[in-house]
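Start from the sequences, fold in the hints, and give me the full structure.
Order-wise, the sequence lines are chains A and B.
In this text, residue positions in the first sequence follow the numbering used here: the first is 1, and each later residue adds one.
In this text, residue positions in the second sequence follow the numbering used here: the first is 1, and each later residue adds one.
Treat the hints as calculated values from the structure; they're not laboratory data.
Don't take each hint at face value.
Any copy will do: because identical chains look the same in the list, a pair fits if it lies in one copy or spans two.
Simulated pairs of lysine-lysine, PhoX-like, Cα-Cα distance not exceeding 20 Å [said to hold, decoys possible]:
1. Lys-62 to Lys-50
2. Lys-13 to Lys-267
3. Lys-267 to Lys-88
4. Lys-267 to Lys-7
5. Lys-267 to Lys-4
Note that the structure is predicted; figures quoted are calculated from it, not measured.
2 protein chains.
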Amino acid sequence: MRAKIYKDMLNAKSVIRETFAYGAHRAAQIGYENVFDYSLGNPSVPVPDKFTKKMMELLETKSPMELHGYSPTLGNQTAREAVAVSLKKRFHLDYTADHIFMTSGAASSLAHAFRAVTVPGDTILTFAPYFPEYGPYVNLTGAKLKVVPADLTSFQVNFQKFEEMVTADVTAVLINSPNNPSGVVYTEDTLKALADILRKKSREFGHDIYVISDEPYREIVFEGIDSPYMAGIYEKTITCYSFSKSLSLPGERIGYLAASPLDGDGKTIVDMCGQISRGIGHNCPSSIIQMAVADVLEDTSDLSVYETNMKILYDKLTGLGFSCVKPGGTFYMFPKALEEDANAFCLKAREYDLLLVPGDTFGCPGYFRISYCVDTEKVKRSLGAFEKLAKEYH
Amino acid sequence: MRAKIYKDMLNAKSVIRETFAYGAHRAAQIGYENVFDYSLGNPSVPVPDKFTKKMMELLETKSPMELHGYSPTLGNQTAREAVAVSLKKRFHLDYTADHIFMTSGAASSLAHAFRAVTVPGDTILTFAPYFPEYGPYVNLTGAKLKVVPADLTSFQVNFQKFEEMVTADVTAVLINSPNNPSGVVYTEDTLKALADILRKKSREFGHDIYVISDEPYREIVFEGIDSPYMAGIYEKTITCYSFSKSLSLPGERIGYLAASPLDGDGKTIVDMCGQISRGIGHNCPSSIIQMAVADVLEDTSDLSVYETNMKILYDKLTGLGFSCVKPGGTFYMFPKALEEDANAFCLKAREYDLLLVPGDTFGCPGYFRISYCVDTEKVKRSLGAFEKLAKEYH
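Here is the structure:
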């Protein structure tokens, strides 16, 4: 077996998966309802009925040959057009189907974006705290992921560190807002300052620096929060989207890559994605899923439960003395642990059947992630456990 | 835009796609029914009703969270078990779910297999005539595809050339039987001789040489033909399968990779696939499609039309003086052109609205491919056009 790199990866442990496995084990002992599992980012609300009805209608009325036949390389044309129309309406940019490439979820969208704008040896920058899968996603392309340390006061961008780290080998910057794990939404000021620095550095180095904007949580934004759209602020932006969270369809692997209409190279990037697919074995998402999603693009699951849960937890935790930047969206929050070692803190939390993920894995030691995509009833029942945990530290 | 390699690929023309595009253009002029389009390998018979019924049942009865939630990294457990049970029963090998990795069609299965057993710089051998996508599929991994010249008398294996070409840099051999484009099924003698050479060369070089067996046409085998199973003959075999052809589901992107139970490293290879996925953006096929396929694994579409078409065309063409190895399966045949330059021959055929693909693209100049996955009625109507074409050469 030649590919030692993948064999070696089998020995690495994912803290998130280990925590989830512990939860399943513990649930078998004391009952599922008594384990407060805040480890996984799995949507907890169903897909809208409209999607299910559309699926049934397609199965009942469309010819199987048309329904299950090969999609065009860049995706089902109706789906591409529907995405373009929706983005144009929402963000006032001249999207057409030519800017859209249908993908098997955000992971596939990112896999194409990285390969379109970097070559092996290049550096991609991202910002702590960050989704830990970005590491293997980027590094296995041959490019190198480097992480800008967090601005711990706001979880916006640490611009001083960022500017130092934008060196000539940087050809892309990967952002994720609303953010996993902090729940923070980047402000317009943050995005504009990012764009200004990247324009300046692109001129200085004589090459483009793309922003790859990973936006699976775009639709989960809380009251009073504005989530500005990077592709309208910085022309060299590739937007990576997934319907996993907005429509609660993570298993169906459906999303898209959108090149900014402000980018003169945007349509070429989309065409290149069709070639990139040949190398990585991606040949379009499921045909029926593309057709069904095209019909419910502007719908979402009932996402209000996430804001309800956030408020309950945020109020309780800050009341207990936790320090926490208030989430503007997603179904995550990222408080500071009550001791320096967040791993020890999360092990202590397990004694109260609270399953939390230490921040080290997100590039932010000393913090921990709560994934509150769980039933509100369970969130309420978990508050006593947080109380007992906090008491240990007073 | 850094990734020049993909941009440059945009300029390359696919003869198959160009022919298909010409057919669409011509159909607009003279009517779809008057164009004899033998260019594409798109199944022409519908998926079995049982699949559609299962899809409806899943949508009606399963909780949306369970139906559309994340699949495990290596695939839906029920689907993996169903595949293992079926393979065990058919091929008398000790398959378990641990040998099976669910993939988004054969392209994705191959993308994982190449990365599991080669590293950049290695050579993968395949045999002419071959599916032209193998070129980019392999070369974009960093390994190099080299093509063993065809045995033109039988389209089995040219063993003399093969043995010369198995050098120390070869770590995998890619076979495709039943074969696209020849329709030929490798005999047991062919596969055993292949295995013997590879065992000898593995010992000589001190490293494994894997066979990657691409078998999307396994279920389309004609009367009297036996299609032996490579994973039972050679232990270091990875089987790549797709339901695209057997169930007429090419757009749903569903297949699997199966490591041979005879290979002590087989289960490790499957585990490695889960890591390879992280780098190439593959996170399982669609969840609902995995569940539905698990229920209809042993069914197929009504594939008899392909044998009917083959017989009509084979009898007619050999009667007209074409030289052609009789297909043992698939929906392809690969006759010798009536002039040395198959490109010129195929252009001449267009004058009779016969769309054929010249063999150069399959590594076999002088031959042409007929994809007879079309209605039998149309096949019959096309015979006159073949007659007129042949007359030009007498």
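Going down the list of hints, with the structure as the test:
no.: 1; hint: Lys-62 to Lys-50; in the structure: both (17 Å within a copy, 16 Å between copies)
no.: 2; hint: Lys-13 to Lys-267; in the structure: between (39 Å within a copy, 18 Å between copies)
no.: 3; hint: Lys-267 to Lys-88; in the structure: within (15 Å within a copy, 48 Å between copies)
no.: 4; hint: Lys-267 to Lys-7; in the structure: between (38 Å within a copy, 11 Å between copies)
no.: 5; hint: Lys-267 to Lys-4; in the structure: between (37 Å within a copy, 15 Å between copies)
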